[in-house]
Amino acid sequence: MTDTSIDRSAAVGFTTSGRILGIARRSPTFAIGFAIVTAFAFVAIFADLISPYGAIETFSRQVLQPPGVEFFFGADGNGMDVFSRVMYGARYAFGIAVPAATLMLLIGVPLGLVAGYKGGVLDEVVLRIMDVLRSFPSIVLALAVVSATGQSLINVILVIGFLDAPIFARLVRSEVLALRSSGFIESAVAAGNPTWRILFVHLMPNAIRGSTAMIAVRMAWAVRISATLAFIGVGIQAPTPEWGAMIRQGAEFVISGEWWVALFPGAALVGIVLGFNLLGDGLQDLLDPRRKATGK
Amino acid sequence: MVVPILLGITFLTFMLVRIGDQNPVAMLGGPMADEVTFAVIEKELGLDKPFFVQFGIYLGNLVQGDLGESWQSSERVADEIRNRLPASLELLVFSVLLGALVGVPVGLRSAQRPNGLFDQVSRFVSLFGFSVPTYWIALMSIFVFFFLLRWAPPPMGRLDIASFPPPDLTGSYFIDSVLTGNWTTAWSALGQLTLPVILFSIIVAAPIIKHTRAISLEVLASDYVRYARAQGLRPRTVRRVALRNAITPILTFIGTELTGLLAAVSLLELIFAWGGLGQWGLNAILLGDFAAVQGYVLVLAVFSVAIFIVLDLLVLLLEPRATLRP
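Those sequence lines, one after another, are chains A and B. Under this note's numbering, the first residue of the first sequence is numbered 12, with each subsequent residue one higher. Under this note's numbering, the first residue of the second sequence is numbered 15, with each subsequent residue one higher.
Keep in mind that the hints were calculated from the coordinates and are not lab data. Just so it is clear, the structure is predicted and the values come from calculations on it, not from any experiment. Just so you know, not all the hints are guaranteed correct.
Incomplete in silico selection of chain A near chain B, CB under 10 Å [to be verified]:
{"id": "1", "residue": "Ile34"}
{"id": "2", "residue": "Gly261"}
{"id": "3", "residue": "Gly277"}
Think of the CB as a built atom: it goes at the ideal place given N, C-alpha and C, for glycine as much as any other residue.
Here chain B stands alone, though its shape is the one from the complex (with noise of 0.2 Å):
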């Protein structure tokens, strides 16, 4: 099931990229290059063969790991990618485990009282989160953070201008230089993350409460729930009995949500000049780097896949009733 997706996105993309209007010789080549310059570029790129040939080849590639060169930059997309998926993924973390840790518990509270005062406002503000544009909401925190509070750093990136990157241990700027006993660069990368994370754990956060509260009414209202009340346990108990039944589902949830998350934050990135992985291939979509933009969706795809094995080894762990059989 797993390489048939992923043969597929791999050539929906490489069609997408080639039958578009950019043309990358004529880019490298510059508005001066004759038509000599052109046919060379051309069969530098690869570009001269037939379309299934190039896909053949980048397909044999791909196979030894080799995901071709950028020609934006001239760097191997393998090392690009390396370099800038711990920046997105830093965002990503911080803000999907903020996002669920006030998530998770407001959406049980709301289903505890349907349209009750908590219920009503939650519901509110999780569809507000959904309705509002992560661009747009982080330029005008930037202006009150930034400009008018001066509480945020300057959207510059992932550390200030004094600091130096920590070693690389786990990717993540703030949890090395605390690892490493760096304290000046931990605040300074925290103070970077506080502000996108939380503008994202908004977004994150949204549909986590509106699919916990569905996912946990539908459990209080089952026969079991409903036995456990009969018997006069106590609400609390009741709620604990209910909870272990809701919490499979809410992981499913998130995990199905995270796969769309690595992608939705490229906009983040690009407004806090975050140097991602979202910022880059954002960049390589617009000017038609194909073996960059190729690289890209072939990350998110087997992001999204690795997800999917990660919650169904999971489900495994949690629920008894689960089998590896289906």
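Next up, chain A with everything else stripped away, as it sits in the complex (with noise of 0.2 Å):
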């Protein structure tokens, strides 16, 4: 039955639509995790266009309002409307994850390949820094740094980039080690090649790949904390749509019965995760052969 299934994906390889076919033949779960992203990457991107209300429009009259036609999912305490704040909450998701990831690779890839083509005392040192903070928990160093630097959007996704770096930096390390003697860059070598462009030219190429099953699950990382920070009521406050300080919003509205408020955010934030993490799996199954022929 595999079998099959694989010559078919070849035969329609051809057209890009094909190809797509193919990819989501090998792995569902990758198709599903980049269906689930991209459809909040589109609310994200026209929110303004497709929601209802503004994100902090208020309508007083309507406070705590159960979800309805008039809104879809209820009002929250100050009397606005549920549905268009989790819309607008997707632009906070990816305007943290994405910035936030993109500072883990500029710091952590550089850091990696150095550490891993030059050795020595400065290899010594990154791998120590790894050390500790790889033996702190995540939360709490993060909810310390948010909360010492000052609460603004730009340090939550400063204190998760740099949190998340040793990561990558692991990553490309150990790939640079297992290529540095290998023929292709021994020859770059000999051909008089200076140092940036084997690491960055030559190495970084073939080092990244590892890295990016990875990206996704750290960017699902990245949306939760950020939302984590944000239910603690560190960073991001409210009445800014962002999905975690909804669910803070939301907390003292539960015991009372006036579940919306907390849920829709909240469902929404288990959604863009879920998409990033099958993402991850996703890709992690289609780059890595070695994982397909012992498992999955």
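Fit chain to chain and form the complex, with the hints in mind.
So this is what it looks like as structure tokens:
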């Protein structure tokens, strides 16, 4: 059964739509994750156009109105439309995850390249710093840093980026160690390439492959942790339509039965995190033939 | 290896709490205080000295078992930790036991037939457990089980208002009251425990399922299992042989997971007003209570170090190949 499906995906692989189908067939996980993330990205980009109300538009007479025709997801304690706010919340999710992931790579990849290629003291220092960061529970560290450095969106992004950079440094470093003594690097050195060129032109494209799946997984984490911080009351504050901050607002109403204020932003959060995680799992399957052979 | 990591963590925390916006002097002095009062408070807290002198004094006290005083409650940090740690551990231990008891068999079963129906479902459930925020699912279950169905007691701590804490034996209200034969208290403690433990065990079980599956798949694909199969051993026997080699990495994984969970449980404590170490630690961080934050992070670090030591010993017991010298 598996054989035929591979044959068919190869046969339809000539057209673009055929290729998409082929990928979807090889890893449904990836396809579902990709679809979810794309849908959220669509909502984030066009939130202005498709949301029925503004993100902080208040309707003082409809405070805590249950979900219905007027407000699909109900209204919150300030009389704001939860549906519109959840839509605008997608902007904050991407607005944190994308820059944070970029930062992780901008710091982690060069660090891993240099540490793996040069070795020595630098390698040792990078490894030790990673050890200390790893033995720290990330939520406590994030919380401490954000509450110490002041509460703003930029700080949340910076903290997440810096906290996760070691993960990529480690991944890239181990790839570089394996590649360092291979033929193409030796010939690049022999041809007289400068070190920076060897690092970024020859090593980087090969060493970064293993990190691709991890990017999606860490983006999922970035969305989660930023929402957690906002829920605790650190970082982004209400009435900003950020999902964690919205759940925080809804928490006090749950016990008196107004469930919708907390339910919908949380569901959106689960959705996007699930999407990123599926994407990561699928990418891993697609890019790592070894794992496919042993298990999957 | 242990000492430099602990020292590094202590220093990092020490630096972090001090570079921040939060200033205990201003909070303690209040809005009406003048410069003189500020100076007095600053001197009392020892914050007028240079940074490294402060760190030296802290380390000196730490070696003697003195963790300082919380300026928020004026209690000794060591006492606070001693009083609150059992509550967190109670939640943690029950959840991890439940999570492992469910997660390991599910992971093993999934590996039996990869991509079968059972595997697909359990993979999805485990991914869901990865993705769902603890505090949100806690709020939603409080709504369903407390507000709608009235099955769960109000999320207000470890006992209902009518019960008194049992004598302190193990620190767990449930176990202590069972041991002393106080059944009404035991029932109340169990009622308060049920919802948070079930919720947290979902969070705990998700990674356990994923890793047990991966480890077990790897073992099942190895040569000796294929040989055992080729010999015509019964599937049950093959599974037992395979399990023997999978058990050590699974245990190691659960141990590593445990180290992060003592911090993760704090969100649940916050929502269920559990009054444990995590809730106290979160508050301390939010208020900039230097000594308390310092103590909290130190407990977390020592806890993970202790787990790793216990793990190493366990592996030594279970694994004939392991020796004391690596």
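Hint status (Cβ of A:Gly261 to nearest Cβ of chain B, threshold 10 Å): A:Gly261 check passes; min Cβ-Cβ to chain B is 7 Å, inside 10 Å.
Proposed interface contact between A:Gly277 and chain B, which counts if any beta carbon pair is under 10 Å: Check passed: Cβ of A:Gly277 comes within 4 Å of chain B, closer than 10 Å.
Agreement of hint A:Ile34 with chain B interface, Cβ distance less than 10 Å: 18 Å, violated
In summary, the structure is inconsistent with hint 1 from the numbered list given earlier, while agreeing with all the others.
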